[in-house]
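Respectively, the protein sequence lines represent chains A and B.
The opening residue of the first sequence carries number 80 in our numbering; numbering runs sequentially from there.
The opening residue of the second sequence carries number 80 in our numbering; numbering runs sequentially from there.
Calculated directly from the structure, the hints in this document are not laboratory data.
These numbers come from a predicted model, not from an experiment.
Incorrect hints may have been included.
With a straight-line cut-off of 30 Å between C-alpha atoms, the simulated DSS-like cross-links for lysine-lysine are [unchecked claim]:
| no. | chain 1 | residue 1 | chain 2 | residue 2 |
| --- | --- | --- | --- | --- |
| 1 | A | Lys148 | B | Lys109 |
| 2 | A | Lys160 | B | Lys146 |
| 3 | B | Lys146 | B | Lys160 |
| 4 | A | Lys114 | B | Lys146 |
Protein chains: 2
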Amino acid sequence: MYVVNYQERELEEVNLAGAELTTVRWLIGKRTGAKTYVMRLFEIAPGGKVPLHQHDEEHEIFILDGKAKILGAPTETYAKKDDAVFIPSNEEHGYDNTEGTESFRFICVIPLLKNEE
Amino acid sequence: MYVVNYQERELEEVNLAGAELTTVRWLIGKRTGAKTYVMRLFEIAPGGKVPLHQHDEEHEIFILDGKAKILGAPTETYAKKDDAVFIPSNEEHGYDNTEGTESFRFICVIPLLKNEE
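For reference, chain A alone in the conformation it holds in the complex (with noise of 0.2 Å):
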């Protein structure tokens, strides 16, 4: 077992084609012990979003700090901390927090992709 702070993890910019002000950590990956699905922690500042994408991946979400409109629902839809939220495989999805005068910070869990290192 082992235990990591999350800042010990390295900072990367997403670089999803839209996407601003957003980074993430992988806190465990394939590298790190995962076997099926891995954990990451995103951050989008204030002012910065993920536009809308889709893939085959499920998203299991849980909300640490901040609040930001998740897109791709089919009403106005926000989510905040202290939240889960669980995105389908194949839906459509993204967070907005150019309204927000905080960070969006949130776990995120996938599956391992097939062609993860």
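Guided by the hints, dock chain B onto chain A, whose structure is given.
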């Protein structure tokens, strides 16, 4: 997709033998869409603990609040807010908040159990 506050999920006592002052909420389970892994939120009140135990399912954990001793580590180990903890398959582990002054709250993701409803 859906957004749910953790307090909307049913609060259950953890009934593992020897567990004290510990509750769990299933945030994203099989009945609520999980396909291969599930997200739960545990809370161990000050004075509480989950004793050493082991099972096939690995754990990917993120600490939301508090600080507790992680049982089963080769040396004295604590985990606190903003730490991630990885516990491999079949490794003995437990959480001891008997020294703590605040609740130890954490997200714990495990694979779907084979017999899970």
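Note to self: Tell me if the straight-line CA distance from Lys114/A to Lys146/B falls inside 30 Å.
What the structure shows: Given that 30 Å is the threshold and the Cα spacing comes to 26 Å, the pair holds.
Margin query: Hint check: Lys146/B vs Lys160/B, CA-CA at most 30 Å. Holds or violated?
Written below: Judged against 30 Å, a Cα distance of about 7 Å means the pair holds.
Check: Is Lys148/A close enough to Lys109/B, meaning Cα to Cα at most 30 Å?
Finding: 26 Å, holds
Notebook entry, point to check: Are the Cα positions of Lys160/A and Lys146/B separated by 30 Å at most?
Noted result: 20 Å, holds
Of the numbered hints listed earlier, not one is contradicted by the structure.
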